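Please model the complete structure; the sequences and the hints are all you need to start from.
Chains as they are written, first to last, in my numbering: chain A, 1 to 319; chain B, 1 to 289.
Partial pick of chain B residues on the chain A-facing surface, computed with a CB cut under 10 Å:
#1 Ser6
#2 Gly8
#3 Ile21
#4 Tyr46
#5 Thr91
#6 Tyr98
#7 Gly123
#8 Leu125
#9 Ile126
#10 Trp181
#11 Asn209
#12 Leu226
#13 Gln227
#14 Met233
#15 Ile260
#16 Ile270
Only pairs whose alpha carbons sit at most 25 Å apart, straight line, appear in this in silico PhoX-like list of lysine-lysine:
#17 B:Lys276 / A:Lys125
#18 A:Lys24 / B:Lys170
#19 A:Lys125 / B:Lys7
#20 B:Lys106 / A:Lys20
#21 B:Lys182 / A:Lys27
#22 A:Lys24 / B:Lys106
#23 B:Lys7 / A:Lys215
Computed footprint of chain A on chain B, listed as stretches where at least three residues anywhere in the stretch have a Cβ under 8 Å from a Cβ of chain A:
#24 10 to 18
#25 102 to 114
#26 141 to 149
#27 211 to 224
Derived by calculation from the structure, the hints in this document are not laboratory data.
Fair warning: this is a prediction, and the values are worked out from it, not measured in the lab.
Yeah, the Cβ is synthetic: ideal placement off N, Cα and C, and Gly gets one too.
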Amino acid sequence: MHQHVTQSQPASANLIPSTKARGKYFKRAFPFYTMISLGLLYFLIFRYGPMFGLFIAFKDYSPFRGVWDSEWIGLDHYVRLFTESDFMLLLKNTLILNVLDTVIAFPFPILIAILLNEVGNKYFKSSMQTILYAPHFLSWVVIVGITMLFFRAQDGGLNVLLDAMGFGRIELMTDPKYFRFVWLFHNIWQGAGWGAIIYLAAIAGIDPALYEAAKVDGASRLRQIWSITLPSLKNVILIMFILRLGSFIEVGFEHIFLLQNPLNLGVTDVFDTYVYRQGLVQGDFSYATAIGFFKSFVGLAMVVTANTIAKRFGEEGVY
Amino acid sequence: MNKLHSKGDRLYTFIVHAFLIVFTASILLPLIYVIMTSFAPARDYYTRSFFLIPSSWTLEAYHYLLNNPGFIQALKSSILITVVGTFINITITSLMAYGLSEPGIKGRSVINFMILFTMLFSGGLIPTYLVVDGLKLVDTYWALWLPAAIAPFNVIVMRSFFGSLPYELKESARIDGCGEWKMFATIILPLAKPAIATFTLFYMVGNWNTYFSAIMYLNDDSKWPLQVFLRQMLILNDEKIGQLAETVYTYTPAARMAAILITALPLLIIYPFLQKHFNKGMLIGSVKG
Numbered sequence: 001m002h003q004h005v006t007q008s009q010p011a012s013a014n015l016i017p018s019t020k021a022r023g024k025y026f027k028r029a030f031p032f033y034t035m036i037s038l039g040l041l042y043f044l045i046f047r048y049g050p051m052f053g054l055f056i057a058f059k060d061y062s063p064f065r066g067v068w069d070s071e072w073i074g075l076d077h078y079v080r081l082f083t084e085s086d087f088m089l090l091l092k093n094t095l096i097l098n099v100l101d102t103v104i105a106f107p108f109p110i111l112i113a114i115l116l117n118e119v120g121n122k123y124f125k126s127s128m129q130t131i132l133y134a135p136h137f138l139s140w141v142v143i144v145g146i147t148m149l150f151f152r153a154q155d156g157g158l159n160v161l162l163d164a165m166g167f168g169r170i171e172l173m174t175d176p177k178y179f180r181f182v183w184l185f186h187n188i189w190q191g192a193g194w195g196a197i198i199y200l201a202a203i204a205g206i207d208p209a210l211y212e213a214a215k216v217d218g219a220s221r222l223r224q225i226w227s228i229t230l231p232s233l234k235n236v237i238l239i240m241f242i243l244r245l246g247s248f249i250e251v252g253f254e255h256i257f258l259l260q261n262p263l264n265l266g267v268t269d270v271f272d273t274y275v276y277r278q279g280l281v282q283g284d285f286s287y288a289t290a291i292g293f294f295k296s297f298v299g300l301a302m303v304v305t306a307n308t309i310a311k312r313f314g315e316e317g318v319y
Numbered sequence: 001m002n003k004l005h006s007k008g009d010r011l012y013t014f015i016v017h018a019f020l021i022v023f024t025a026s027i028l029l030p031l032i033y034v035i036m037t038s039f040a041p042a043r044d045y046y047t048r049s050f051f052l053i054p055s056s057w058t059l060e061a062y063h064y065l066l067n068n069p070g071f072i073q074a075l076k077s078s079i080l081i082t083v084v085g086t087f088i089n090i091t092i093t094s095l096m097a098y099g100l101s102e103p104g105i106k107g108r109s110v111i112n113f114m115i116l117f118t119m120l121f122s123g124g125l126i127p128t129y130l131v132v133d134g135l136k137l138v139d140t141y142w143a144l145w146l147p148a149a150i151a152p153f154n155v156i157v158m159r160s161f162f163g164s165l166p167y168e169l170k171e172s173a174r175i176d177g178c179g180e181w182k183m184f185a186t187i188i189l190p191l192a193k194p195a196i197a198t199f200t201l202f203y204m205v206g207n208w209n210t211y212f213s214a215i216m217y218l219n220d221d222s223k224w225p226l227q228v229f230l231r232q233m234l235i236l237n238d239e240k241i242g243q244l245a246e247t248v249y250t251y252t253p254a255a256r257m258a259a260i261l262i263t264a265l266p267l268l269i270i271y272p273f274l275q276k277h278f279n280k281g282m283l284i285g286s287v288k289g
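Shown next as structure tokens:
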């Protein structure tokens, strides 16, 4: 594509910046800069503005004195964060949820994509897909809401059913021991079908001749999955895995926020919910910012590390 | 692949289908139960625990909800937030993506990196809140529209889509004296219809389902969207969690189910029409920037 540009412009335009050439360039480029400008403004204000505001993590911010006049206190907030017992709890909860999600939920989209690919009937396949995508379009409010209604203590349909079957009623939403299971189940229920799209697209790119040849050689369908489908998906799986590892300090905020209540705080509290409570509820803005900064920074370091490792293994990496 | 040769193959096909059917049933059954309860009289809910066909059909719950001023207000808010928000999203995103897809524009790679970097690192919740607060957007819908105006990932995917259109097309239009804006509107956009439609849907999902931003930025409950109204309605009804929230209201089970259904329905109706577009590997090759 770059060739076209050099063809349509004199090659000297970029090398000898005469006023005339520069004027010509801007006349040509002006419409494109105009198109980019609104988006650029958005990124500067709403994405880089907050990053610039991170310095209040090193201040004792008070809304009355404002961002500029608040006192500098250096690393005090971090000393507080690392010495407070909450920190270990937040880290523990975050890591447990991420390990569960990576080990149990991560393979589901791959499994679904492979199963869908094994279905011969086109209409059956596409209606299965339509249904599997549906939960992706439901909000967490709806998903958590349905779960709550099903397990309401005195009249929730599933609780009444469990009771009738002699298992007794369970307090699914308030008893901390069920939380991780509910959270994981939701993640799989909502995301597995949608997550399969990327693997399906990769499978669609496999040369059908490979399967033909395998069939001639008498390979069973399981064998074909093992020796053709899975190896072809290797790159996509690796990239998705890197992305997953890069967000290991992250837990989807709205979901966990909606599942959280004062009774299960011990297992549901993660960095983001803690930041919300300390910052917006308690009004301790700069301490909350400091925690958020710590989380973002660790997140960045993890993506960069994962990407570097992938490249060292001769893979393409995410960026 | 359709020919079944052996017992093993038949068993294999059976297992494949059985698994898919179990998975889809786990998605469909809860939704069907919600739909059916919303049309059922209250005694069904209390006496039959789990049922799929109501003993008699009634629209009581829908009458009740559509005559509830709070619900109507929330529905209007949600529609306004979604329509205006999605328009802003798709306009700014497609313009930026198209501008960045033009080869030879200086500063392109710097801006591309700026966009990518925001996917890896963010200022976080509080600093973003302070920016929105500083711009005096709190308690206005702009607080929902502007901070979420662009999803960086979508710009990157759209940019590579625009970049994949044949450059000769633009060249020949330019030779014919067509201006860049006119070309974008009359040649590029019609070609990009599937991509625009898909991203419009993605943005719509975000806007319609937004919950936390509304909680955070809107103190005025007359501006609250459906998601927030629904949450209040459900949580204030839960004995245990509700006690903690000091409940006063009560809604019938059918009204709660009907509210869930109305909240979920718009997106569930739209997405199957766009399925073939996002199926066809919209996302592949875009995992990489």
